[in-house]
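S.K.: Single-letter residue listing:
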Amino acid sequence: MRPDIWSLYRQMLRSRRFEEAVIDLWEEGKISGEMHMGIGEEAIAAGVVDHLEDGDAMALDHRGTPPLVVRGVDLVLLLKEFLGSRDGLCGGMGGHMHLFSPEHLSASSGIVGSAGPVAAGFALAAQHLRPGNLAVAFFGDGAMNQGMLLESFNLAVAWKLPVLFVCKDNEWAITTRSKHVTGGNLLDRAQGFGMTALEVNGTDVEAVWEAAKQGVERARNNGGPTFLLAHCIRPEGHFLGYPLLRKSLESMKEMVGPILRSLPARKGASLGERIASLGTIASLIGRTVTEKYSKRRDPIYRVRQGLKGEKSRLDEIEKEVAKEIQQAVDIALS
Amino acid sequence: MKTMGFADAIDDALAQAMANDSRIVVFGEDVHALRANLFVRFGEQRVRPAPISEAAFVGAAVGAAMAGLRPVVEVMMVDFIGVAVDALLNHAAKLEAFSGGKWRVPMVVRAPCGGGYGDGGQHEQSLWGWLAHIPGLTVVVPSNPADAGGLMLSAIENEGPVVYLEHKLLASNMLDFLGSGGRKTVQYDVPAEGTCGPVPDKWTSVPLGKAATLREGKDITLVSVAVDVHRCVEAAAALQKKGVSAGVLDLRTVSPLDKEALCRAVSRSGRLLVVDEDYRDFGLSGELAAVVLEAGIPLRYGRVCTEETIPYCREFEDQVLPSTKRIVDTALKLMEQ
Numbered sequence: 001m002r003p004d005i006w007s008l009y010r011q012m013l014r015s016r017r018f019e020e021a022v023i024d025l026w027e028e029g030k031i032s033g034e035m036h037m038g039i040g041e042e043a044i045a046a047g048v049v050d051h052l053e054d055g056d057a058m059a060l061d062h063r064g065t066p067p068l069v070v071r072g073v074d075l076v077l078l079l080k081e082f083l084g085s086r087d088g089l090c091g092g093m094g095g096h097m098h099l100f101s102p103e104h105l106s107a108s109s110g111i112v113g114s115a116g117p118v119a120a121g122f123a124l125a126a127q128h129l130r131p132g133n134l135a136v137a138f139f140g141d142g143a144m145n146q147g148m149l150l151e152s153f154n155l156a157v158a159w160k161l162p163v164l165f166v167c168k169d170n171e172w173a174i175t176t177r178s179k180h181v182t183g184g185n186l187l188d189r190a191q192g193f194g195m196t197a198l199e200v201n202g203t204d205v206e207a208v209w210e211a212a213k214q215g216v217e218r219a220r221n222n223g224g225p226t227f228l229l230a231h232c233i234r235p236e237g238h239f240l241g242y243p244l245l246r247k248s249l250e251s252m253k254e255m256v257g258p259i260l261r262s263l264p265a266r267k268g269a270s271l272g273e274r275i276a277s278l279g280t281i282a283s284l285i286g287r288t289v290t291e292k293y294s295k296r297r298d299p300i301y302r303v304r305q306g307l308k309g310e311k312s313r314l315d316e317i318e319k320e321v322a323k324e325i326q327q328a329v330d331i332a333l334s
Numbered sequence: 001m002k003t004m005g006f007a008d009a010i011d012d013a014l015a016q017a018m019a020n021d022s023r024i025v026v027f028g029e030d031v032h033a034l035r036a037n038l039f040v041r042f043g044e045q046r047v048r049p050a051p052i053s054e055a056a057f058v059g060a061a062v063g064a065a066m067a068g069l070r071p072v073v074e075v076m077m078v079d080f081i082g083v084a085v086d087a088l089l090n091h092a093a094k095l096e097a098f099s100g101g102k103w104r105v106p107m108v109v110r111a112p113c114g115g116g117y118g119d120g121g122q123h124e125q126s127l128w129g130w131l132a133h134i135p136g137l138t139v140v141v142p143s144n145p146a147d148a149g150g151l152m153l154s155a156i157e158n159e160g161p162v163v164y165l166e167h168k169l170l171a172s173n174m175l176d177f178l179g180s181g182g183r184k185t186v187q188y189d190v191p192a193e194g195t196c197g198p199v200p201d202k203w204t205s206v207p208l209g210k211a212a213t214l215r216e217g218k219d220i221t222l223v224s225v226a227v228d229v230h231r232c233v234e235a236a237a238a239l240q241k242k243g244v245s246a247g248v249l250d251l252r253t254v255s256p257l258d259k260e261a262l263c264r265a266v267s268r269s270g271r272l273l274v275v276d277e278d279y280r281d282f283g284l285s286g287e288l289a290a291v292v293l294e295a296g297i298p299l300r301y302g303r304v305c306t307e308e309t310i311p312y313c314r315e316f317e318d319q320v321l322p323s324t325k326r327i328v329d330t331a332l333k334l335m336e337q
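Chains as they are written, first to last, in the working numbering: chain C, 1 to 334; chain V, 1 to 337.
I should point out that these hints are in silico values taken from the structure, not numbers from a laboratory. Cβ coordinates follow ideal geometry from the N, Cα and C atoms, glycine included. Hints may be right or wrong, so weigh each one.
Said to hold, decoys possible - Residues from chain C shown here face chain V by an in silico Cβ test under 7 Å; the list is partial:
(1) E34
(2) G94
(3) G110
(4) G142
(5) A265
(6) S277
(7) L278
(8) G279
(9) A282
(10) V329
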């Protein structure tokens, strides 16, 4: 079976346009606190979630919006939750980091790595109560250094649990480059637990779909867990208003002032070390900004490039999705 | 004397200590970005970003402290200490007792805490009472820049483990990072006296376990820490207008607790109102009542605390967290008794 690229594209676009609407609401001050976006992860969400059926479960991280949108959670309920409304998905209690939909067996958490144990538990329940169903865990590469996640890899292998562990590797752990704080490579790490591990370009929705299919089939056929490493980008930074992406000069000045004052301060590291630290900070900013404006690894752009011969159909989907999202926003705000 | 922001004061005192003692190292999530000034001045060997592995790096702080370093380990938010509780509960806090007093753990765990900016119940907890429950842990919760810097110095100098909590409504860099994100479209109820204020030119330590009397009162004593200290001061002014003389005591450290200052104030006023952003049940607020009762001081008692999981929605959150209005209302009820 081949993936239905049009249907996957529509799902990716729904997620993107939905989150773009969320950005506007956040900018207007209608959404409080942190707001972590799944922009850049749409191909992973669409390519994995497309395989899910009734009775399958999802354990999500702080970027849980795209999988929930693709899974079919009511957009108005999601938006109202973000807006802190009493008739939101969780009665305004959770917000975007704590989204729960029992009917979709989907739960999110803001504690990095916690999707692992929860997915293992969902899978254990499937083993007992819903044979043939599975659990998916979505988490980032930052979570790959969290003990509870690695312990759940072992648990899932030892108990042969039907789990698909999906690592969305954007190469960041908050504001730290993952490679600076991670030993070895992630694929080897998962394989070290005796788990089948697959690597895929997470901006290529068809590739994700094919890889996820293998993991899902293994889980449904009592073959135990699979680890899927999907490389992607994080164009919006760790969350909205990310200091490294701030446009205003003023906030840049706030950041740069104290740093420059530290440079010549008496007592401390050698000048060489100080300059090395400055270089690290500059490269973090450089990388963040490049990612924001690099189209090449945008999963949506990639699909469009592949389908550009069928412009009218693309436009039609674009129009339909825009209408759906606008309607959801209008209802949520009314 | 000069003026400084709350978070800057902590970093400034920390920098002073680091310049004088090369055993002090800072590590934790994102410290190269959050403490960029320290990262540049002291280099990556002493200010080291950690992976998101709280159990490992807080645990490593315990070992490093045992073996001669004086780590200041940062956890992004106190809520995430949940992942590292074993290191604190079963190791840092126990070591001195287990070793018959022969081995101590001079480490500081620095973590932002507290709510009031709509981040939900997994990112806005206070937990100081929950942590202070464990014998062997010192828990520091400053309410203004001068105390913040001075208490950081004492925390570093202390020979045992200290949890140092900085409230996010006071630390403007954290509030900007997590709450506003550079937006002008959101407002938070931030007490000005707490976020910016006079600090000494050179930092000296503020003693642990010493409360500060911010206001004398003969009718009722309001006791609190962190942001709610300022809500208490505001409430005391409102109560004054209604003819009630309310005193305000800022505990500054939850553990060790300044029992003397507490008992002295309550024996004078006869009424204790505890304002605690941490959870009400089995926590600091009940402990203060117990301390006063054990001292044989008769009192009328009330408390304004967080009683449930903190809601994400700003409007519900405001109802759940202590507020000046709730303090005034509860104080007036106590006055009727």
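S.K.: Hint by hint, say whether it matches the structure.
M.R.: Against the structure, the hints come out as follows:
no.	hint	in the structure
1	E34	5 Å, holds
2	G94	6 Å, holds
3	G110	5 Å, holds
4	G142	5 Å, holds
5	A265	5 Å, holds
6	S277	5 Å, holds
7	L278	6 Å, holds
8	G279	10 Å, violated
9	A282	11 Å, violated
10	V329	17 Å, violated
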